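Those protein sequence lines, which keep their order, are chains A and B. Numbering follows the working numbering, with no gaps: position 98 of the first sequence is 98. The number in the working numbering is simply the position in the second sequence, starting from 1, with 1000 added.
Because the hints were derived from the structure by calculation, they are not lab data. Quick caveat: nothing in here was measured; it's all calculated off a predicted structure. Cβ atoms here follow ideal geometry from the backbone N, Cα and C, with glycine treated the same way. A hint or two may mislead.
Claimed, not checked - Straight-line alpha carbon distances no greater than 25 Å define the calculated DSS-like cross-link-like pairs of lysine-lysine that follow:
| # | chain 1 | residue 1 | chain 2 | residue 2 |
| --- | --- | --- | --- | --- |
| 1 | B | LYS1186 | A | LYS191 |
| 2 | A | LYS2 | A | LYS92 |
| 3 | B | LYS1003 | A | LYS191 |
| 4 | A | LYS146 | B | LYS1073 |
| 5 | B | LYS1146 | A | LYS200 |
| 6 | B | LYS1191 | A | LYS200 |
| 7 | B | LYS1146 | B | LYS1073 |
| 8 | A | LYS165 | B | LYS1165 |
| 9 | A | LYS165 | B | LYS1003 |
| 10 | B | LYS1073 | A | LYS3 |
| 11 | A | LYS2 | B | LYS1200 |
| 12 | B | LYS1200 | A | LYS165 |
| 13 | A | LYS3 | B | LYS1092 |
| 14 | A | LYS186 | B | LYS1191 |
| 15 | A | LYS191 | B | LYS1165 |
| 16 | B | LYS1146 | A | LYS186 |
| 17 | A | LYS3 | B | LYS1146 |
| 18 | A | LYS2 | B | LYS1146 |
| 19 | B | LYS1002 | A | LYS146 |
| 20 | A | LYS186 | B | LYS1186 |
As the list claims (entries may be wrong) - The calculated label-pair distances, taken between Cβ atoms and stated as ranges, are:
| # | chain 1 | residue 1 | chain 2 | residue 2 | range |
| --- | --- | --- | --- | --- | --- |
| 21 | B | ARG1216 | A | ASP70 | 41 to 49 Å |
| 22 | A | ASP70 | B | GLN1227 | 38 to 46 Å |
| 23 | A | GLU53 | B | MET1001 | 55 to 63 Å |
| 24 | A | HIS203 | B | ARG1216 | 40 to 48 Å |
| 25 | A | THR19 | B | ALA1208 | 44 to 52 Å |
There are 2 protein chains.
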Amino acid sequence: MKKIDICLTPELLHLYELTDRIVVVVDILRATSCMTTALAHGVEKIIPVATLEECRALQAQGYISAAERDAKKADGFELDNSPFSYMQEHLKGKTIAMTTTNGTLAITRSREAIQVIIGSFLNKTAVVEYLRSQPHDVLILCAGWKGRVNLEDTLFAGAVVDELKDEFLIEDDATLGAHTIYGCAKYNMLKSMASSSHVKRLHRLNLARDIEFCIREDEYQVIPILQGNALVAMVKA
Amino acid sequence: MKKIDICLTPELLHLYELTDRIVVVVDILRATSCMTTALAHGVEKIIPVATLEECRALQAQGYISAAERDAKKADGFELDNSPFSYMQEHLKGKTIAMTTTNGTLAITRSREAIQVIIGSFLNKTAVVEYLRSQPHDVLILCAGWKGRVNLEDTLFAGAVVDELKDEFLIEDDATLGAHTIYGCAKYNMLKSMASSSHVKRLHRLNLARDIEFCIREDEYQVIPILQGNALVAMVKA
């Protein structure tokens, strides 16, 4: 039986074996929701980088740049971390260099996995069906917030486990816990998330519209997958 | 308002400020349950050490020694990690050097806190009342299992937060999550814990009796507190 684990923050990633696993990187508010939205709207590639310096270097090479720190757009870059920013016509076919506080770091730390894909509520069912169809063990990696656990990533991870629990082996207590939390939250996700530290942070920045969008399920079918140094839309067999 | 946070594993401890906090170390199965039991039954001091070597050195100095690795007694030491081993008459007034897989390491990592105390279901109410009476912020540090989160420590931490939630500020999502999990589990703790990885591990070693004992609430009033290098029973004002 295939295994599924949840790693609650990148700070715990060294405790999990990545070889031969598919890693699903999750940063619901908002990096992986943006990535899903961008590729669904025709962006060709996203190059996730860990630092502002790397992002600036790619900008200098002519890439469109997106940079977020502490939930705000970093100075000197073109795009922020709102999914609505990635729906623009002029981005179609383009490559975007992106760095975010938590999400892109989680991706760059996962490179030794057999595959790195991007999960969000926006493409949840596509991700679930893909994991179901593959022969590999799965690790859902929550990006968290500056090393700490966050509620919205944990909820999404619990939601995926809820779909796959009869087909995958669950051995880790973090996975059981996330699944329990999802079970309590699922009937009213917005209300359940209202107490989350990051939701409060975003509300202070008037980003309620982003939050509501990021918890919509199955807006898109696209699965971003890491190929070389860039995320592209997976081409399904 | 005082703050309360839960650190789900010692691997995340560097993300929390310890200065001016009381740290409650929790390793329900079984280190902190043993420590509580030992002091309640008249053991005078417990010296927690991180390594087998340190424990052996203290044994050579004449201390009674207790050592557990992977849920079993380590070779060459007197006591294992069952609470029933700490109820013996001949231990009264003695000092025990103790090392366990997770619990003692969590204690040794917490030394910069203003106070380090020991929590378990066995002394839950005593711990809750003590925290309520003090002016300090609180961090509940779950010992986990080899760096990973475990269910039983998370449940206890959630139970303490449940008692204190109206008097303390909760800012961290891990704390919200643990409280949610406790809310789901509290009406049948033994059943809720049955799927925990460590409960399964102990069942394989025929330690069901230990598990049942370790989730009993308020068997004892004693609070072990770290003074210098040793845990002693707190003398209440």
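Results of checking the hints against the structure:
Using a Cα cut-off of 25 Å, the hinted pair LYS1186 (chain B) and LYS191 (chain A) holds, with the two alpha carbons roughly 22 Å apart. Taking the CA atoms of LYS2 (chain A) and LYS92 (chain A), the gap is about 37 Å. The hint is violated against a cut of 25 Å. At roughly 23 Å between alpha-carbon atoms, LYS1003 (chain B) and LYS191 (chain A) fall within 25 Å of each other, so this suggested pair holds. For the proposed pair LYS146 (chain A) and LYS1073 (chain B), the alpha carbon gap of about 38 Å is over 25 Å, so the pair is violated.
Simply put, LYS1146 (chain B) and LYS200 (chain A) have alpha-carbon atoms about 33 Å apart, too far for the 25 Å limit, and the pair is violated. As the CA atoms of LYS1191 (chain B) and LYS200 (chain A) are separated by approximately 35 Å, the hinted pair breaks the 25 Å bound. Restraint check for LYS1146 (chain B) and LYS1073 (chain B): the C-alpha separation of about 17 Å stays at or below 25 Å, so the hint holds. At most 25 Å may separate the alpha-carbon atoms for a hinted pair to count; LYS165 (chain A) and LYS1165 (chain B) exceed this at roughly 32 Å.
Note on LYS165 (chain A) and LYS1003 (chain B): the hinted pairing is violated, with a Cα-Cα distance of about 36 Å set against a maximum of 25 Å. As the CA atoms of LYS1073 (chain B) and LYS3 (chain A) are separated by approximately 30 Å, the hinted pair breaks the 25 Å bound. Restraint check: the Cα-Cα separation between LYS2 (chain A) and LYS1200 (chain B) comes to about 19 Å, which is no more than 25 Å; the hinted pair holds. With a C-alpha separation of about 18 Å, the suggested pairing of LYS1200 (chain B) with LYS165 (chain A) holds against the 25 Å cut-off.
For the suggested pair LYS3 (chain A) and LYS1092 (chain B), the alpha carbons sit about 47 Å apart, so the restraint of at most 25 Å is broken. With a C-alpha separation of about 22 Å, the suggested pair LYS186 (chain A) and LYS1191 (chain B) falls inside the 25 Å cut-off, and the hint holds. Note on LYS191 (chain A) and LYS1165 (chain B): the hinted pairing holds, with a Cα-Cα distance of about 19 Å set against a maximum of 25 Å. Our distance criterion of 25 Å between C-alpha atoms is broken by LYS1146 (chain B) and LYS186 (chain A), whose separation comes to about 31 Å.
For a cut-off of 25 Å, the pair hint linking LYS3 (chain A) to LYS1146 (chain B) stands: about 19 Å separates their Cα positions. Restraint check for LYS2 (chain A) and LYS1146 (chain B): the C-alpha separation of about 23 Å stays at or below 25 Å, so the hint holds. Restraint check for LYS1002 (chain B) and LYS146 (chain A): satisfied, since their Cα atoms lie roughly 23 Å apart, inside the 25 Å limit. A C-alpha spacing of about 20 Å is found between LYS186 (chain A) and LYS1186 (chain B), which places the hinted pair at or below 25 Å, so the restraint holds.
Between ARG1216 (chain B) and ASP70 (chain A) the CB atoms are about 45 Å apart, so this pair conforms to the stated range of 41 to 49 Å. Distance hint for ASP70 (chain A) and GLN1227 (chain B): a CB-CB separation of about 41 Å, consistent with the stated range 38 to 46 Å. Hint check: GLU53 (chain A) to MET1001 (chain B), Cβ distance near 40 Å, so the stated range 55 to 63 Å is violated. Distance hint for HIS203 (chain A) and ARG1216 (chain B): a CB-CB separation of about 42 Å, consistent with the stated range 40 to 48 Å.
For the hinted restraint 44 to 52 Å between THR19 (chain A) and ALA1208 (chain B), the CB-CB distance of approximately 36 Å leaves it violated.
When the structure is compared with the earlier hints, violations turn up for hints 2, 4, 5, 6, 8, 9, 10, 13, 16, 23 and 25 and for no others.
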